[in-house]
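Colleague: Residue numbers (my numbering), protein chains in the order written: chain A, 1 to 611; chain B, 612 to 735.
Possibly wrong hints are sitting among the right ones.
Unchecked claim - Mimicking EDC-like on lysine to aspartate or glutamate, the simulated pairs with C-alpha atoms at most 20 Å apart in a straight line are:
id, chain 1, residue 1, chain 2, residue 2
1, A, K266, A, E255
2, A, K298, B, E647
3, B, K713, A, E255
4, A, K504, B, E647
Claimed, not checked - Which chain A residues stay away from chain B? Per the calculated CB distances, all over 12 Å, these:
id, residue
5, V163
6, R285
7, S303
8, V305
9, V449
10, V543
Claimed, not checked - These stretches of chain B come out as covered by chain A in the derived footprint (C-beta under 8 Å, 3 or more residues):
id, segment
11, 646–653
12, 673–683
13, 699–708
Calculated from the structure, these hints are not laboratory results. Built from N, CA and C at the ideal position, the CB exists for glycine as well.
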Amino acid sequence: MNTLAIVLVIALILFTIALSIFSRRFTRTTADFYLAGRKVGSFSNASAISGDYLSAASFLGVAGAVYASGLDGVWYAAGFAGGFMVVVLFIASALRRFGEYTVADFAYGRFGSDRIRLVTVLAVLLTSLFYMAPQMFGAGTTWQVLVGKGIFGMEPYTSGVVVIAAIMAFYVGVGGMKGTTLNQIFQFWWLWFAMFLVVAFAFGNGFSYPKALADASKEPIVDTKALTVAELTTPNPATGKTPLEAAKTVMTPEEYAKVEEFVAAKSEGKIPVALPAKNKLHELRAMLFREPGHRYNKFDQFSMVLALVLGTAGLPHILNRYYTNPSGSAARRSTFWVLVFIGTFYIMAPIAGLAGLGFIKEHLANGGTIAAANVHGHLVKPDQVMPTLGNLLGGQALLGVVSAGAFAAMFSTIGGLLIASASAVGHDVYEKYINPNASETKRVLVGRVAVLLFAGLALLIGLAIPKFGLDQAYPALIAMMVTWAFSVGASAFVPMLLTGIWWKGTTERGATAGIFVGLGSSILFIFLNILQTLGKIPKEGVVGFLGSLTFPVLFTFPLSLLTIIVVSKLDGQLPKNVDEIWMRIHGTAHERHERDLGLDKVGGLLGTKSH
Amino acid sequence: MADTTARAAGKAPTAAHVRHGEHVDTIESVDAVFREQRKLSFTYGAIFFAVTLAIPAASVWWEDWYAKPIWGGFTANYLFVSLIYYVFLWVMAWTYSKQADKLDEKLAHMAEEIAAQSQGGEEA
């Protein structure tokens, strides 16, 4: 039992809850609940956006991806950071100047129809649920590693999902955007500090970046998998070789003898094996750590980069954050600071992954043991590299800091997603269509009920993932699911936002059609990919090709953009007040007026206490 | 949202414009600065996407880029993606933000001048 580590995680949870209860006294209006009163300064907002953005995929997944795949894993970090350039260049200040609450408000204000607002609400909810899924899965798996036991008769995984969903529902429902913002600021700096400590401990223990990279690239990358007897003895149709035969070329005679024994005894369950890795990009080259090709072929090298850099601008919980800035200029400054904060984080994460490779291998080679499953000096589950390395370099104290960091990453992202989902239902639907005359108290209450509903949905999704076998079908499920959410957001929202902001000729019909096409096609391709991976549809033919698209955004983004342009050209029905809308997006009279009145000043994040 | 439109303020609008307190945006001034803003954003955007997509392109076709070690185990590819790319992003974001702020100021001056001319015309 990792007592010290568990104590640290519990301390983090208690602090989070206390912060939410504290900030509750300052949440009176819907602007407070959804936007923290629009008075969040650049530094605070940048910290909160960074906390919102850095999820379990960034904290555990990037180091794990680098540990397993080398350079192709490093791309996750660079792509996640690069996405904010699209936000700062094309979206940040215009969105803030428009001055609403949500992305759906922008769509309604820009194009003037209830239809597009409701379509956008649907897209927000679906994108948020896609992003929620990996967070809940991360909650369950981290609980498995850290606590290893269930509560109230539940399995460890189920316990993790239930506990995290309950905590999130409580702290977001109670604290609203102000509580969530305060928590995200704290959680971001905790996980930044945790990453910094791991890297500092690595350098303190003699780690040299260029030397470690050279050492890691001396021999080809090795894949690790846990396989059943049937899986070990089934030949690969492409090569005719069984995984058992392939493992023999990599594993030592002693290691291989154990696998042979497992197969000969026809044992139940799975045994970890090491397998040779193939270079998918340069097929004739050995797959070295410092070279590209472990994860992505030629096509995916480009589509993965585009999915990551375009996807960031399509995440509703990140876009909503831009409304909390006091001005368009502050929105740009916030994004610059986000790039500095997450950039330094993403520089460190691959260092942790590489350090993990060397330190864990050396520790095991010297006869040491680790809690995580391993074979041939490698972890079977690469996502466990951060806690394992923390434990190895700094004992239970550093393991505790890292585990709390993992929970902080999940809390901060789930918090943002719950606020985005609640605002889509509470603000965009209830306040506009169901009860426009509702009192402020009632509106905030509806926001809180919506948070509870979505926490319940997140719980169901978290529980459903293992039931459908997705965790077995995809080796790096957290990173994969995050990329799906990026693809849906990039295809549904980004074309509408880009054309809505930069092309006056965009019409309501064009934008609505674009959102539908982007949303529908990306979800269709993702489900085809899932069905193909689960073996439910063939790999041949048109359906087989569409199902093989790991990152559909290379097709779905241009498809949505083209739809908007073609339908708008054919339609030609611009809003009657298009000039006024244009001045609202690109003009600054409002900001200058606010500056005269001193309203552009950043208030205390907590504002005024309610009585 | 506009506090008052020109019509509500009792002025006959000669062109579409929005007034907030003493400050006015006209469609001409906003359009003029929008064009410059678009030029700025899309120039930076073109540089960003050219550099970002050049990295995987070089990873596919330029062996010296992805396979030749230049510092310890670092290839140019690894060094760029793991370290230099972030410096590129920071410089781009910083210089863009500064230039966009300057454009905002330009819009402000332009709009103030138009508002002053409009007032002068009414007084005459």
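Colleague: Just want to verify: R285(A) was marked as not at the interface with chain B; is every Cβ pair farther apart than 12 Å?
Modeller: violated, 7 Å
Colleague: Okay, the segment 673–683 of chain B and chain A, do three or more residues pass the C-beta test at under 8 Å?
Modeller: holds (count 5)
Colleague: Going by Cβ atoms, does V543(A) stay more than 12 Å from chain B at every point?
Modeller: holds, 27 Å
Colleague: Hint check: K504(A) vs E647(B), CA-CA at most 20 Å. Holds or violated?
Modeller: holds, 15 Å
Colleague: Just to be careful, I want the Cα atoms of K266(A) and E255(A) compared with a cutoff of 20 Å; is the pair within it?
Modeller: holds, 17 Å
Colleague: Once the closest CB in chain B is found, is it more than 12 Å from S303(A)?
Modeller: Given a closest Cβ separation of 9 Å, the condition is violated.
Colleague: Can you tell me if the segment 699–708 of chain B counts as covered by chain A, using C-beta to C-beta distances under 8 Å and a minimum of three residues?
Modeller: With 7 residues close enough to chain A, the hint holds.
Colleague: Could you grab the alpha-carbon distance between K713(B) and E255(A) and see if it respects the 20 Å cut-off?
Modeller: violated, 65 Å
Colleague: Please settle this one: V305(A) was flagged as non-interface, so is its CB more than 12 Å from every CB on chain B?
Modeller: Not fine: 6 Å to the nearest Cβ puts V305(A) too close to chain B.
Colleague: A cut-off of 12 Å on Cβ-Cβ distance, and V449(A) was said to be off the interface with chain B. Does that hold?
Modeller: Per Cβ check, V449(A) is outside 12 Å of chain B; nearest 28 Å; holds.
Colleague: Could you let me know if the closest chain B CB is still more than 12 Å away from the CB of V163(A)?
Modeller: holds, 35 Å
Colleague: K298(A) and E647(B): Cα distance at most 20 Å?
Modeller: Between K298(A) and E647(B) the Cα gap is close to 37 Å, so the pair fails against 20 Å, i.e. violated.
Hint violations for this structure: numbers 2, 3, 6, 7, 8, all remaining hints satisfied.
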